[in-house]
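Colleague: Starting from two chains that each stand alone, build the complex the way the hints lay out.
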Amino acid sequence: DSGVTQTPKHLITATGQRVTLRCSPRSGDLSVYWYQQSLDQGLQFLIQYYNGEERAKGNILERFSAQQFPDLHSELNLSSLELGDSALYFCASSASGGHSYEQYFGPGTRLTVT
Amino acid sequence: DQQVKQNSPSLSVQEGRISILNCDYTNSMFDYFLWYKKYPAEGPTFLISISSIKDKNEDGRFTVFLNKSAKHLSLHIVPSQPGDSAVYFCAATAGDQFYFGTGTSLTVIP
Numbered sequence: 001d002s003g004v005t006q007t008p009k010h011l012i013t014a015t016g017q018r019v020t021l022r023c024s025p026r027s028g029d030l031s032v033y034w035y036q037q038s039l040d041q042g043l044q045f046l047i048q049y050y051n052g053e054e055r056a057k058g059n060i061l062e063r064f065s066a067q068q069f070p071d072l073h074s075e076l077n078l079s080s081l082e083l084g085d086s087a088l089y090f091c092a093s094s095a096s097g098g099h100s101y102e103q104y105f106g107p108g109t110r111l112t113v114t
Numbered sequence: 001d002q003q004v005k006q007n008s009p010s011l012s013v014q015e016g017r018i019s020i021l022n023c024d025y026t027n028s029m030f031d032y033f034l035w036y037k038k039y040p041a042e043g044p045t046f047l048i049s050i051s052s053i054k055d056k057n058e059d060g061r062f063t064v065f066l067n068k069s070a071k072h073l074s075l076h077i078v079p080s081q082p083g084d085s086a087v088y089f090c091a092a093t094a095g096d097q098f099y100f101g102t103g104t105s106l107t108v109i110p
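Protein chains in written order, with the numbering used here: chain Y, 1 to 114; chain P, 1 to 110.
Chain P extracted, bound-state conformation (with noise of 0.2 Å):
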């Protein structure tokens, strides 16, 4: 049962526009929302989260958007850099349990 959902497996985007990853789950108790980007070889990289109680988190050119009553996290990358281009996961917790989308492999075309 797939609690977190990320339904595009891969998304292309040019250098300098905006990159927006998405993320849908299922579990209203779910209080946190985190996204990880991985590269090849390595582990995930926190990147930013975001507590239930807020709808939006920004980091530099990092946004997530918290949308509580559609279940759907987003996360924009403004402006997109070749350095971006890796594995974004968004993961959800809800008491000690943690789960963990199936990724986006982002690629940013320079």
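Here chain Y stands alone, though its shape is the one from the complex (with noise of 0.2 Å):
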């Protein structure tokens, strides 16, 4: 078990619907990243958070959103959804924001879009 949790298990949803992702850090991590694995597809860094902050954003697509609440979990938006966006997406977090810090790997969320 990292400590790093995340809901719901699985997501089932409709093209054109709009998701919520969620993810606890370990306690006392203070960066959280998120990020997407498709069929066949390495993981994607979708974008990363530090203590409330934008830190970094990799491939991440203007219809998703994140943000970092005060108590430091971590909330991914997935809007406007098509059926490309069918993926795993898993959150890790860290201690620091530094990148050669290693990364907690929440279990993961899986999305369908039908």
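Because the hints were derived from the structure by calculation, they are not lab data.
Keep in mind that this is a model prediction, so the values were computed, not measured.
Check before you lean on any hint, since a few could be wrong.
To be verified - Within a straight-line C-alpha distance of at most 27 Å, the following computed BS3-like cross-link-like pairs (lysine-lysine) qualify:
(1) Y:Lys57 / P:Lys38
(2) Y:Lys57 / P:Lys5
(3) Y:Lys9 / Y:Lys57
Modeller: In structure tokens, the structure reads:
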């Protein structure tokens, strides 16, 4: 158990809809990262938050947004969903914002868009 | 644009032998490299890392080698155990950006 929790585990929704994925980092970790893993693809870095502030952006679509709250949990909002958004979405946390620190991953949320 | 590539989707090795997982990268600005292991239905877990100023890092049965001139990274597992069967991802960082490979599925045959 990495100490990172993600809810829900599974989500099935229709095209055009909006969903929110939630992540609680390990106790004490200030950084939260979001990744997308599509079928046969590696993990695509989406975005990082550090202590409530956006720290880095990767391949995140404009239809997607995220935020980190004062209690350090984070939410990833996906809107105007398309079939291609079906994927595993992982959240990870680390103690610091530095990129040399190992990240602890949650179990992921599997999103299916029909 | 896949900046980190794992060209072998799968690898099978006999228990007790060496497993070698390879990773190539294109960005010479990467300054830190990491390996993660992933079991089904779980998130990746950190295994071992190496800074770009080093060429080798060892942790128990796991050793990572970095060849900067070839832009090549490898993970050696010796001896391989059935519990090592998992998908292995290599990752690299440049500034605040993170890049992961597509993974290699390792099967260790008892």
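Colleague: Compare the structure with each hint and give your call.
Modeller: Now the hints, each set against the structure:
1. Pair hint lysine 57 of chain Y plus lysine 38 of chain P holds up; C-alpha atoms about 24 Å apart against a cutoff of 27 Å.
2. A hinted pair counts as satisfied when its Cα atoms are at most 27 Å apart, and lysine 57 of chain Y with lysine 5 of chain P qualifies at roughly 21 Å.
3. About 24 Å separates the Cα atoms of lysine 9 of chain Y and lysine 57 of chain Y, which keeps this hinted pair within 27 Å; it holds.
The structure fails none of the hints (numbered hints given earlier).
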